[in-house]
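> If you read the protein sequences in the order shown, they are chains S and U. Numbering (the numbering used here) for the first sequence: 1 to 124. Numbering (the numbering used here) for the second sequence: 1 to 186.
What the hints contain is simulated information worked out from the structure, not anything from laboratory work. Treat the hints loosely; a few may be bogus.
[Stated by the list, open to error] Quick look at which bits of chain S chain U covers, simulated, 3 or more residues with Cβ under 8 angstroms:
1. 45-54
2. 81-94
3. 109-121
A virtual CB, placed ideally from N, CA and C, is assigned to each residue, including glycine.
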Amino acid sequence: MTKGIKIAGALCILFLCSLRLTGQVLPVPLPGGDIIQPFGLFNQFFPGVGAGFDGLNADPHGINNSRTFVAMGYTAGTATDSNGKTYNVITDIRVYQGDYIGAVPTYGAGGTTSAKAHGTFVEI
Amino acid sequence: MHDFNPSITPNGVFWIVQIPDNAVQITGDTLTIHLQNIAVIDQLHFPGGTGNAPATVSFDITYTKSGMPRRVRPTSSDPLSPFTWAGKMWMATNTGTFSAAYNDGSFAATGSFSSSGNFGEMGTERNGSFAAENDDAVAKLLPSEQGQTGVGVSQLVGNKNAELRSDLPLLKGRVPIKGFPLRTAP
Numbered sequence: 001m002t003k004g005i006k007i008a009g010a011l012c013i014l015f016l017c018s019l020r021l022t023g024q025v026l027p028v029p030l031p032g033g034d035i036i037q038p039f040g041l042f043n044q045f046f047p048g049v050g051a052g053f054d055g056l057n058a059d060p061h062g063i064n065n066s067r068t069f070v071a072m073g074y075t076a077g078t079a080t081d082s083n084g085k086t087y088n089v090i091t092d093i094r095v096y097q098g099d100y101i102g103a104v105p106t107y108g109a110g111g112t113t114s115a116k117a118h119g120t121f122v123e124i
Numbered sequence: 001m002h003d004f005n006p007s008i009t010p011n012g013v014f015w016i017v018q019i020p021d022n023a024v025q026i027t028g029d030t031l032t033i034h035l036q037n038i039a040v041i042d043q044l045h046f047p048g049g050t051g052n053a054p055a056t057v058s059f060d061i062t063y064t065k066s067g068m069p070r071r072v073r074p075t076s077s078d079p080l081s082p083f084t085w086a087g088k089m090w091m092a093t094n095t096g097t098f099s100a101a102y103n104d105g106s107f108a109a110t111g112s113f114s115s116s117g118n119f120g121e122m123g124t125e126r127n128g129s130f131a132a133e134n135d136d137a138v139a140k141l142l143p144s145e146q147g148q149t150g151v152g153v154s155q156l157v158g159n160k161n162a163e164l165r166s167d168l169p170l171l172k173g174r175v176p177i178k179g180f181p182l183r184t185a186p
């Protein structure tokens, strides 16, 4: 009887250990990106033509292993604060919606497992 | 100077926030996004230095594509290259309004912006392990899985006969043009 309980316990532990921890599938960044000295690598490219841009067909995405709709654009504008002070505004807001393969925390100790997910992300 | 962003994640994803699918609506040639009270920080000394102020931003933006699409093909096998992805892209403009406020109420601002004269694009993309798939995979994905109305595959992928092939890498720069999203400078 005791042996049976031990075997059942071991099986339960084995089963529980085989379950993937549920949670958000975290997107992973592009492996490449622009190097901004002295700060280092930013995992992001800047599509566009002309000095300072990475080229018309540079990857506009911020998430690797993705299959999504993407929209982006550089803008300029103005803002006014609650004291009436005005500011110049520059934005680069990108939108991604679709599938991606990200990472799910697994087994603790910082381990992850690849997982496919669907999601919408905005880069601000 | 103010720089509102959601920070870089510990694994390096740049300034990204996951939002509900229905915050984005794709209809015909336009994509609209409506977000309220997204938690960010005002990075007071971007891109370096210290000092952040917890804040929220809200904005409404409409992206509008125009012209003929161009088909992008991977032109590099170097995973660090910006040219390892595939897709179908249109040039696009966008306009929007926004508000930003510190959580402690000590600062708030509203404003508007436009991409007029600046680069913008929208379309479908595959990168990383998806880059080798065919374009139809993305076309099938979007309307059916978004659960949204008013968008058709043909509207997203455009007229195939009107494609403008442009898969050659052009310039490659290292200057932080992006650097300052939603930044306001006195």
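> Each hint should be assessed against the structure and marked as holding or not.
Status of the hints after comparison with the structure:
Counting residues of the segment 45-54 of chain S whose beta carbon lies closer than 8 angstroms to any beta carbon of chain U gives 10, which reaches the threshold of three, so the coverage claim holds. With 10 residues carrying a beta carbon less than 8 angstroms from a beta carbon of chain U, the segment 81-94 of chain S meets the three-residue requirement, and the given coverage holds. Interface restraint, the segment 109-121 of chain S with chain U: holds (4 residues with C-beta to C-beta distance below 8 angstroms; minimum three).
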